[in-house]
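Chemist: Here is what each chain is made of, one letter per residue.
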Amino acid sequence: MNDFIQSLFGPNGVNVWIAPSSTWLLATILFTGAGIVVFVWVALMSVIGTYAERRVAGYMQGRLGPNRVGWFGVLQPIADGIKLLGKEDLIPAGAAKWLFRLAPILVFCGVLIPYAALPFSPRLVVSDMAVAIYYILAFEALEVVGVLMAGWAPNSKWSLYGGMRLAAQMLSYEIPMGLALVVIVLFAGSLNFQQIVAWQQTPMMGIEDPNILGWGIFRSPACFVAFFIFFIGGLASAKRAPFDLPEAESELVAGYHTEYSGMRFAFFFMAEYGAMYLVSALTAILFLGGWYGPLPLPEGISPASLVELWNTNTAGQESFWSACQAFISAPVVLTTAGAELIGFINLAGKALILFFTMIWIRWTLPRIRIDQVMHLCLKVLLPLSMIAALGAAIQIVIMN
Amino acid sequence: MALNTEKFISQVNDLSAQGNLHTEEILVNMGPQHPSTHGVLRLVIQTDGELVAQAFPQVGFLHRCFEKIAESVTYRQVVPYTDRLDYIASMNNALAYVLGVEKLMQIEIFPRAQYIRVIVAELNRIASHLVAFGTYGLDLGAFTPFLYGFRERELILSIFEELSGARLLYHYPRIGGVAKDIDAKIAADIRAFIKTMRRTWPEYNALLTENQIFIKRSANIGVISAENAISYGLTGPCLRASGVAFDIRKAQPYSSYEKFDFNIPTGQGTKGQVCDCWDRYWVRMCEIQESLKIIEQALDSLPEGEIRAKLPAVLKLPAGNVYLPCENPRGELGFFIISDFQPKALRIKMRAPSFCNLSIVNKICRGVLVADVVAIVGSLDIVLGEIDR
Amino acid sequence: MEQDSLMLYQTYGGANISFWLITLLVLISGGIAALSTNIVRAAFSLFFTLFGLAGYFVLLGSDFIAVTQIIVYVGGILVLLIFGVLLTNKQKQPLESPRSWPLFVFATVCLIALTAVMVYCACVFPSPAINQNYVAINTAYTLGRMLSGSYVIIFELAAVFLLLGLIGAAFLVRRAD
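Chains as they are written, first to last, in the numbering used here: chain A, 1 to 400; chain B, 1 to 389; chain C, 1 to 177.
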């Protein structure tokens, strides 16, 4: 979005029909709007997530899911939201009040902030950072601090232990996740999402446009292993089953969000589904080609060219409306819009398939005990991811 | 070191009331209300860090004075009360009681009635083991096998509904026989169920039994040696998983069990040690298969005849006492009946299998993680109805 | 990409407001962290301080360092600190600060000196938010080249020191068996 704004308001910017005098204010409004769009997307993911989870769980267990509220039960999440809003706001006696209120916000922000770097389609991204992957990995830390706060604030020893176990689990699984990312970064040569997807579009084994074959997981055995390590690590850091012991219902205590009710509880759940989609989208971009393939992607043009087109095409038009019409009728504009749409469908489709896989895994597998969780991370995934990173490095050295 | 449970629990309650608990040994109170369906059991667990030091079960929350009530109603009126003891295996409870009464009265039961009793007892055993299977998975976080098990259990409950009119508490075995005959439709339903159960049994194995996470959480946990099992009075699948091949249906057959050919599954230590949680679970799964065999044989060779002996309106048992043990899905269930030639019993004492099974929980929970206590209690498969009576 | 956006941001004046907002956050949370008598509150407000420092790095154009600050300080050191505080916090009374007059005088003198320095810098230097020496480079790439090229020995030595620390810590907490 930065280059979009710069091309809009820079030296070669829009000077026909729209010539804003206060570009700073407009830039702020645009960024705020982008933030709202991202927030709405995260909320949408939790709405879809709660509905899909219960419906899919129902079908897997040989029963129907919610089907009373609305056609096929689609209004069920709305009903849940209304119910949660109406709950009494309980803060336990002896709890640290401000920390108690702050914890769900921190956990939710820890999930929302990485969305600033996550692209939705080839050019639709809030901030196209040079260190995008690194940035997304870093904000795990925010979630961990939020979880610790949520465990401490209610002044209950069970919440505290649950929170600390969860924080330990999330922190430990960051390491194999990071190393799996290193594998991809080594091959792609950049931390930036555009370049990683561009790497997956490069010719492979003589095929010019490899489509599915060019995807990250097929580029190298190290990448293949890294895919599974990253996905499992993502499951653990999103606190999903089979790693959800700290928030388990059938264990002795319900973990770090025992004392939270109503909308605060809803924040934790929105954070969980947001994290699920984040991990799924990341896996899709890094390992499964992102917005590239299986649907073929038309060529689009850069925002600077779009702005130039606007300036030239709409110069002599009568009204703003006819100017828009003249602009849209240019075929290049339609191709660009089509590229965005198809890219979005590709990316969201893959991410949602992985989202469904996470739900599938939850309802199939039992829970892993916390010491087995740590064993899996430190004794299995960590060595495996180190070997994968080493293998990737060796392969690059050999190939060059 | 002798444990004085009463004193310990009262000390615990005093200390927690004063707020002076030493923070290094932490008391975890599990229950009496649980998310899992084991009933109203209170487990007071004293932990030393992450590991369990002691685990004291406290029972009595479901006590309904069965034995006292049984002294004030007639023998026939006791039968519905026996249903409600182990409410998951209702047929087996009533069967144990009526067999005891019939032995004291020394009456012969028609062969058809005996075979029907065997069929319903085995069907109820399968239903009970399906509940055990489902809730054990639920304890460990596997939500789906619970619903799969209940899907098959629905078929059994429909059969029982046709037979007795009820889905859970049947009042079907009566003194002298059974309440209603098995007609062709019910027999066809039972055969259809056997077919379905045989088809879906491998599904359960694929989903839960062979699952690595499940094995990791069950194997080598809660190991009970054969000596411990015998000395604590364990019976049923918990005893057989320790390698002791003792089944009352084979050792002291009742109600024509000697006419059927079936095996006794014992624990082999397939995935870990002998008689860990996985073995107890696996013994129950294998017993489902054996029960299917018994039902098939009974249906195939069901003799013709009447199903209920004619008995006087007022039953007066001869003076004396009787104890007839039966193989409940949870172990040895027996009613010790003392009668003194009155319409009502002088004393009825019930030996509940889950009561003895639960007594070993302190011994085997030493030194495990707190999360494993749930698995251990789930694998013992207790029902509070018969523990508390 | 990121490099051009910084110039955009600085040109349009948003940098100044961000700088002062971040400074406000850092000062307030740092004050709470240093002066609070409730140790848990102090630990959690240190979190905001470290976050603010990461914000400064962003304003200076070092995106990689900013994210590294978050990963290392917030995600590593601060979480460790919070674990330690939460696990060992048995206090029911607030912390007591030591009362000693020499310390108080020394602290006041330092505070006055620091304020004088800040006022001088604010008057002499231009807007603090604009990075005059900003060069649009790919920070991650350049850092990588430097660390594995000119500064490789220091990098390796730092890694060895970290390893020593790890082994020492593991040795210290081993069970006595």
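Keep in mind that the hints were calculated from the coordinates and are not lab data. Check before you lean on any hint, since a few could be wrong.
Claimed, not checked - Computed spacing ranges between beta-carbons, pair by pair:
{"no.": "1", "chain 1": "C", "residue 1": "171", "chain 2": "B", "residue 2": "27", "range": "55 to 65 angstroms"}
{"no.": "2", "chain 1": "B", "residue 1": "198", "chain 2": "A", "residue 2": "69", "range": "51 to 61 angstroms"}
{"no.": "3", "chain 1": "A", "residue 1": "341", "chain 2": "B", "residue 2": "198", "range": "43 to 53 angstroms"}
{"no.": "4", "chain 1": "A", "residue 1": "345", "chain 2": "C", "residue 2": "154", "range": "45 to 55 angstroms"}
{"no.": "5", "chain 1": "A", "residue 1": "387", "chain 2": "B", "residue 2": "63", "range": "57 to 67 angstroms"}
We put the beta carbon where it would ideally sit given N, CA and C, even for glycine.
Chemist: Now, for every hint given, state plainly whether the structure supports it.
Modeler: Against the structure, the hints:
Remark: the range hint 55 to 65 angstroms for residue 171 of chain C to residue 27 of chain B is contradicted by a beta-carbon distance near 34 angstroms. Checking the proposed 51 to 61 angstroms range against residue 198 of chain B and residue 69 of chain A shows it is violated: the Cβ atoms sit about 39 angstroms from each other. At about 52 angstroms, the CB distance of residue 341 of chain A to residue 198 of chain B agrees with the hint of 43 to 53 angstroms. Between residue 345 of chain A and residue 154 of chain C the beta carbons are some 49 angstroms apart, a value that agrees with the proposed interval 45 to 55 angstroms.
For the hinted restraint 57 to 67 angstroms between residue 387 of chain A and residue 63 of chain B, the CB-CB distance of approximately 60 angstroms keeps it satisfied.
Hint check: violations occur at hints 1 and 2; the rest are consistent with the structure.
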